[in-house]
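Q: The lines below spell out each chain.
Protein chains: 2
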Amino acid sequence: MASNLRIGIAGLGTVGAGVVKILQSHGADIARRAGQDIVITAVHARDAKKDRGVDLSQYGWEKDIAALSTRANVDVVVELIGGEDGDAKALVENSLKNKKHVVTANKALLAKHGLALAKLAEDNGVSLNFEASVAGGIPIIKALREGFAGNKIEGIYGILNGTCNYILTEMRETGRDFGDVLKEAQEKGYAEADPTFDVDGIDAAHKLTILSALAFGVKPDFANIDITGIRKITANDIEFAKELGCRIKLLGIARDIGGRIAQSLEPCLVPIDAPMGTVEGVFNAVFVEGDFVDRAMLEGRGAGQGPTASAVVADLIDLARGYYLPAFGLPVSQLKDAQWAGAKDIVSGQYINLTVTDQPGVIADVSAILRNFGISIESMIQRGRDPGQPVSVVITTHECSREAIRAASAKIAALKSVAAPPTVLRIERF
Amino acid sequence: MASNLRIGIAGLGTVGAGVVKILQSHGADIARRAGQDIVITAVHARDAKKDRGVDLSQYGWEKDIAALSTRANVDVVVELIGGEDGDAKALVENSLKNKKHVVTANKALLAKHGLALAKLAEDNGVSLNFEASVAGGIPIIKALREGFAGNKIEGIYGILNGTCNYILTEMRETGRDFGDVLKEAQEKGYAEADPTFDVDGIDAAHKLTILSALAFGVKPDFANIDITGIRKITANDIEFAKELGCRIKLLGIARDIGGRIAQSLEPCLVPIDAPMGTVEGVFNAVFVEGDFVDRAMLEGRGAGQGPTASAVVADLIDLARGYYLPAFGLPVSQLKDAQWAGAKDIVSGQYINLTVTDQPGVIADVSAILRNFGISIESMIQRGRDPGQPVSVVITTHECSREAIRAASAKIAALKSVAAPPTVLRIERF
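For the record, the sequence lines run as chains Z and A.
Quick note: to get the numbering used here, add 179 to the position in the first sequence (first position is 1).
Quick note: to get the numbering used here, add 179 to the position in the second sequence (first position is 1).
Simulated from the structure, these hints should not be mistaken for laboratory data.
C-beta atoms are modelled at their ideal positions from N, C-alpha and C, and glycine is treated no differently.
No false leads were slipped in.
With a cut-off of at most 16 Å between alpha-carbon atoms, the simulated EDC-like pairs for lysine to aspartate or glutamate come out as follows:
#, chain 1, residue 1, chain 2, residue 2
1, A, 515, Z, 208
2, Z, 331, A, 208
3, Z, 200, A, 473
4, Z, 291, Z, 266
5, Z, 298, Z, 272
6, Z, 200, A, 470
7, Z, 298, Z, 516
8, A, 331, Z, 208
9, Z, 421, Z, 352
10, A, 200, Z, 473
11, A, 200, Z, 470
These stretches of chain Z come out as covered by chain A in the derived footprint (C-beta under 8 Å, 3 or more residues):
#, segment
12, 208-214
13, 499-506
Each pair of labels, with its calculated beta carbon distance range:
#, chain 1, residue 1, chain 2, residue 2, range
14, Z, 608, A, 352, 12 to 22 Å
15, A, 303, Z, 182, 16 to 26 Å
16, A, 204, Z, 564, 53 to 63 Å
17, Z, 204, A, 278, 33 to 43 Å
18, Z, 563, A, 547, 56 to 66 Å
19, Z, 452, A, 578, 26 to 36 Å
20, A, 415, Z, 422, 33 to 43 Å
21, A, 560, Z, 540, 54 to 64 Å
Chain Z on its own, in the form it takes in the complex (with noise of 0.2 Å):
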């Protein structure tokens, strides 16, 4: 084959091997499709001496990160590092700036200087690709920016965080509370030792930043995701939400309302039979919802070695086969500021889970509290009977805004008899 394209890794963690094994098992099969060599010339980590699980011998191992960015005999670099600051950005803006593709995974990065760098790809003629950054090897952001493209997209919504879904279902499964079940995860190494990213939404979020930003050809933008994550939820909202045929799953939604965007990342609840809520365990799923296409759905695992580096080499593939877009899928000069959608806007159903005493009058007063902001009941359950004790009380609505929740919760939370703020959580059929 006449040409190579040759590439260094920065950070050799599990995708990192991932990628490193790809290229090993598969180059010759790669090269065809391709139509050249994928070569890797330069590795970098920090510690040159561990076992990784593969032979690194043939590789020149670059002991300066920096020197990656400028090295002559690599042609793209592939960042690995993770985080949103430190070295990872620094290589990515290094290696645009002198004019090396950037292969990254890396959504913290995207989410908050994806706007950014894709501007310095452009200026140096370069490309930036980040499939394996949403959704392990689903190839989502193919889909967005080339399989959709003649669509208006109208909303893309999804499970974009395995830990989160394996810990909703075990929880489910087991009827262990939120902590036990997040320590066992940890323990398992499903979860990392501060799990705060994870189930506190951050990470999905970014993946939403950037999910959304490719869907409506908006400037990417973190700050403006509302965020809920799995922390509040417990056995006994699981258990309700099983009683209402439904099964509650942390989602990133983001839609394009009348021309205002909505992205919220919050746990929903989602009907049992819905495609959304047989998406058990691990799994990543990602809806996307066009004028033309209607609706379609890519499903797959969202992390872990083999996913995450079959979407770093799909994105080297189209290096190689001479394949450059846009990094959100047009010129930055023509990503919009998106008008953001309010409050007001957001509309759905709402799962209300009051702890109340056990007394005659409190449903009076929390129902009155509902038709007072103009939201209507679609049913009421009560868990045992225990008169004067508190107790368990959900109340599900047909749809309302979400500006009308917050403020109906913030005056039934103020009920004497209520003892706690109560957990509202939005009903989405998807």
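Start from chain Z and add chain A according to the hints.
A: Okay, now just chain A, sitting in the frame of chain Z:
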């Protein structure tokens, strides 16, 4: 914008009119994404006067279909006529010979002549794109050719015909028989007056031919698909499937079994709670198994104006972006002649529906035959009891080869107490 991609559309049925609608309504957005305008310069259909719900007055009407392939102001010919020979084939061939790119939704043409057409495109330095030929708006061709290109694909399977899936869903929900539901589907326009292509599995097999070539890098070969349609599925089978916790789905399955490829198209039992079991009505779903990505699924509307036109336009946008790939992901010279798996290699659980005379000894005879072929019984259900009369007995087996079950079925059919050849269906636990 500096340049235009000029297209000529042949065939202005549902899909053709849809393409016009997308380009008319989203022209400006598409130009921003594609980097140039995509303009319709010529259209052709048999009847120039028919109202198609779109304004065609601004386009050159080309009366002579043959002239479309030589028009100077056409860069891309969009073939939406259909049919594996005749006008469609001539148009695609001539267009490629005249160095026009071709975009088509014609699965029959590709399944039968895909290899020759891919060669013709290659020899003339133009592109042959066909995202719309499989699974409507789902970008499965792109996913195989690009998104999963870092993997060795081990299997691809799915629900590829919306008409059959609709009929099977309807049969289950209403308890009615095949003929009855088909008739209604025809009246509603969900099935053709001549339903052969759909219900006998031909249409889905065309699609599987294309997917299999892309997945395994082999020459498309429709002749090597073992095809069984859904005509013989009865309400009785649907009932038994329910009792077994399964649904019956018409599945296209292509697998790499130790370097040999098995392609089949047949109704199968799948568990109701497996991802494949929940794909209902006119929806299509395609599952891909790759050695690194593990399993991914793409689901969406498999037909209809909007989704199919969305896929055609995605192909046009790729072309406008200057992105051409070999039709089947590899240069034609590198597509392999597949080694085909035999009936011995294809292994699965089996469902056997027997109509037997209700008398002692029948089951002993059947069991003995199965044992003689090394087939082990998993479960047996008899419905009702009516001594001396025919009753249905369903046996499910553990995994055995297609060769074994076929030989055993022939022996079972020859038993005096068995009233008719048994219905044998594959059980797949996707």
